[in-house]
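Asker: Residue strings, one per chain:
4 protein chains.
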Amino acid sequence: MEFAKPLPSYLVQRYQGWKATTYSENRSWYRRLATEGQRPRAMVISCCDSRVHVTSIFGADQGEFFIHRNIANLVPPYEPDGDHHGTSATIEYAVTVLKVAHLMVLGHSQCGGVQGCIDMCKGLAPELERKESFVGRWMDILRPKYDLVSDISDDAEQARAFERQSVLASLANLMTFPFIAEAVEEGSLSLHGLWTDIGEGGLEYYDTKAKAFAPV
Amino acid sequence: MEFAKPLPSYLVQRYQGWKATTYSENRSWYRRLATEGQRPRAMVISCCDSRVHVTSIFGADQGEFFIHRNIANLVPPYEPDGDHHGTSATIEYAVTVLKVAHLMVLGHSQCGGVQGCIDMCKGLAPELERKESFVGRWMDILRPKYDLVSDISDDAEQARAFERQSVLASLANLMTFPFIAEAVEEGSLSLHGLWTDIGEGGLEYYDTKAKAFAPV
Amino acid sequence: MEFAKPLPSYLVQRYQGWKATTYSENRSWYRRLATEGQRPRAMVISCCDSRVHVTSIFGADQGEFFIHRNIANLVPPYEPDGDHHGTSATIEYAVTVLKVAHLMVLGHSQCGGVQGCIDMCKGLAPELERKESFVGRWMDILRPKYDLVSDISDDAEQARAFERQSVLASLANLMTFPFIAEAVEEGSLSLHGLWTDIGEGGLEYYDTKAKAFAPV
Amino acid sequence: MEFAKPLPSYLVQRYQGWKATTYSENRSWYRRLATEGQRPRAMVISCCDSRVHVTSIFGADQGEFFIHRNIANLVPPYEPDGDHHGTSATIEYAVTVLKVAHLMVLGHSQCGGVQGCIDMCKGLAPELERKESFVGRWMDILRPKYDLVSDISDDAEQARAFERQSVLASLANLMTFPFIAEAVEEGSLSLHGLWTDIGEGGLEYYDTKAKAFAPV
Chain A
1 MEFAKPLPSY
11 LVQRYQGWKA
21 TTYSENRSWY
31 RRLATEGQRP
41 RAMVISCCDS
51 RVHVTSIFGA
61 DQGEFFIHRN
71 IANLVPPYEP
81 DGDHHGTSAT
91 IEYAVTVLKV
101 AHLMVLGHSQ
111 CGGVQGCIDM
121 CKGLAPELER
131 KESFVGRWMD
141 ILRPKYDLVS
151 DISDDAEQAR
161 AFERQSVLAS
171 LANLMTFPFI
181 AEAVEEGSLS
191 LHGLWTDIGE
201 GGLEYYDTKA
211 KAFAPV
Chain B
217 MEFAKPLPSY
227 LVQRYQGWKA
237 TTYSENRSWY
247 RRLATEGQRP
257 RAMVISCCDS
267 RVHVTSIFGA
277 DQGEFFIHRN
287 IANLVPPYEP
297 DGDHHGTSAT
307 IEYAVTVLKV
317 AHLMVLGHSQ
327 CGGVQGCIDM
337 CKGLAPELER
347 KESFVGRWMD
357 ILRPKYDLVS
367 DISDDAEQAR
377 AFERQSVLAS
387 LANLMTFPFI
397 AEAVEEGSLS
407 LHGLWTDIGE
417 GGLEYYDTKA
427 KAFAPV
Chain C
433 MEFAKPLPSY
443 LVQRYQGWKA
453 TTYSENRSWY
463 RRLATEGQRP
473 RAMVISCCDS
483 RVHVTSIFGA
493 DQGEFFIHRN
503 IANLVPPYEP
513 DGDHHGTSAT
523 IEYAVTVLKV
533 AHLMVLGHSQ
543 CGGVQGCIDM
553 CKGLAPELER
563 KESFVGRWMD
573 ILRPKYDLVS
583 DISDDAEQAR
593 AFERQSVLAS
603 LANLMTFPFI
613 AEAVEEGSLS
623 LHGLWTDIGE
633 GGLEYYDTKA
643 KAFAPV
Chain D
649 MEFAKPLPSY
659 LVQRYQGWKA
669 TTYSENRSWY
679 RRLATEGQRP
689 RAMVISCCDS
699 RVHVTSIFGA
709 DQGEFFIHRN
719 IANLVPPYEP
729 DGDHHGTSAT
739 IEYAVTVLKV
749 AHLMVLGHSQ
759 CGGVQGCIDM
769 CKGLAPELER
779 KESFVGRWMD
789 ILRPKYDLVS
799 DISDDAEQAR
809 AFERQSVLAS
819 LANLMTFPFI
829 AEAVEEGSLS
839 LHGLWTDIGE
849 GGLEYYDTKA
859 KAFAPV
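Chains as they are written, first to last, in the working numbering: chain A, 1 to 216; chain B, 217 to 432; chain C, 433 to 648; chain D, 649 to 864.
If a hint is listed, it holds; no wrong ones were tucked in.
The list that follows gives simulated cross-link-like pairs (lysine-lysine, DSBU-like), each with its CA atoms no further than 30 Å apart:
(1) D:Lys770 with D:Lys793
(2) B:Lys347 with A:Lys99
(3) B:Lys235 with C:Lys641
(4) C:Lys563 with D:Lys779
(5) A:Lys99 with A:Lys209
(6) B:Lys315 with A:Lys122
(7) C:Lys554 with D:Lys747
(8) B:Lys425 with B:Lys361
(9) C:Lys437 with D:Lys859
(10) B:Lys221 with A:Lys211
(11) B:Lys235 with C:Lys531
(12) A:Lys209 with B:Lys235
(13) C:Lys437 with D:Lys857
(14) C:Lys451 with A:Lys19
Since the hints were made in silico from the structure, they are not lab data.
Just chain A, with the same shape it has in the complex (with noise of 0.2 Å):
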């Protein structure tokens, strides 16, 4: 372990200003969130993309979100195999455990990872073909959905569509696990599909009568 290193300091000093003023401000709630135990009332599936912050978004404070962050947000389908599924154990500790009332899955405008399952689907990316590419295997799971938006000649609009088809796929994906599909079922949780641009600041929901992504 003698590869560790210290924080940056200018992150140290950052931590301290907080913890003289925000957390200092908070203190009581920090410390009866630390005794009680988290409650929170959503589940949110984001992209590990640093520019998309949910919590900015929505105003969200400490203790309201569970956060799952990800490749482009995707759930992958069912599969009790005994292996490690780290998705999969956050929306099970989330619906299970923390009985979350809702589960919202963001996606976002310029997903690198969208964009690289694209470059594959089109033969343009072989370095993701590779069985030891992370990012590629992971990407299989939207993979399928290609044919959906393969059709669209323009590359923005196409990257727009199949940002928007990953929130379906992992939409979907989520049903296959008996206890969101119960969940749901019962009317104790519900699941959102939202699709955010990034430049524009939008915000864009799934509205299952339209059959498409509208504004919120």
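Fit chains B, C and D to the supplied structure of chain A, relying on the hints for placement.
Answerer: Chains B, C and D only, in chain A's frame:
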């Protein structure tokens, strides 16, 4: 997809408030992030826990941190077997595509995942032992480290010690990825082990000289 | 060049301390900044005054702010006459090459340049009126705004008011540069007027609705 | 002035953190600096580049360095023609009013301004040749020195050599200011030529005996 629901109105209202204020005042930066792409300085692996907000603690804004969040901030060992490995995909993307300079693993107090693992190891959580338990199988990553803390008789102290082991286990597993070991060796990536106390707002880092966590 | 001297040894020692600590712990980030180039989010125009450290106030690290510092944080009007215009060159580079999203003009209390301008306007500084006085000729940029504060009888109050006028004069002059006006209009650049109180650690911004400076 | 915007909230938060920690812990010093005025020991002329932080490299605190930053750390020759000369004003103020004991010119690697000058000299940057290009006209200060490096065939090596020439050209121009030459002659001011390597954290000074830059 008829199960998907519109966004709860309190979140719609908050979003619209964000759009009219934060987004509006920073439109130029968001647009630049959208057109030029992200270029985060650091990746953070933290827990999904709703009480842990790394961007808040470090005063980080859109574009600074590439963030992966899973149960108990765990990294599995390198296993390029062609299956979906969500966590490994995030690391691969951050290090080989985005070329982040820092990779921080952030553990935290009162971690439900770590507690679950302790319960399993003590034989108190048969439901987590089931093959179908995604949380149980995910926590298997940490399980071999239980010996290091099994002697600690105080429950709270044991949990804190194991939370820190989850950080160290992740750091050790990170080094099993060839592209990480290489980047660390050539000095283009540094790894950091961190642990935060939710109730007290504390922050500790792993100090290689002391071979222990110490306040930053 | 025989007049150049080696660095004082106390600075050599401090540099070597920095190299062994801050640099060493952030080598990966410095190397990435060197190879990939800078991509600052904001430009700051502040005074040369040794008491004003914008990076400290804002917890900014290497790579965040493109900083121009001159006497009294002044921007001259657009004057493309083929002569050397150091300040205009910095603005042009920041906005047209680096495409910063924010441009902040930061004034401050106890500004010696602003005080010199007041002295000139009151006829108390004949040495600054000389054609050869670079400081005097530089403060001519601010001089026409003296009418706005000439009625204030309290000296300290007048100086503070004029320091704020130096910020507003710079903002107004910035808008005379075609590439700034254009970027502001299309929403790719936002301008900010700031003033800091050195002794009290205060920070104010120009509030367009109140048409006055207000604490942030 | 209706175009001015409030400060982005992440900067407001960081500022408040600074106020509650760094400022709060040093309030007496800040107040003394405010009431007694600045008394910096040295002036530094460095580049606006966001990657160059002279206060960090030298562990300098509030009040130590009077800092002018412009494109490529250039000083124009003495030209008392009654026009605005921002850089000359900073030098005059530092040497004749503040009476600094040291004046350091700090060049750096990967300098965009210096590279632009090389491009102009090679006929590769017609846009910088335009009368309206402030960057181009500013770099004209350095242009006459291109002959000294035009023979170097390796691009990176040539850029480094020209960056060092920018420091020497500024030192030579400083000596054309009567008040500088006088202060240097009477021993009340010493000039220093420095160059820093961003990626490697290196620092070199101009060694008059060796007539070359050497590591400090």
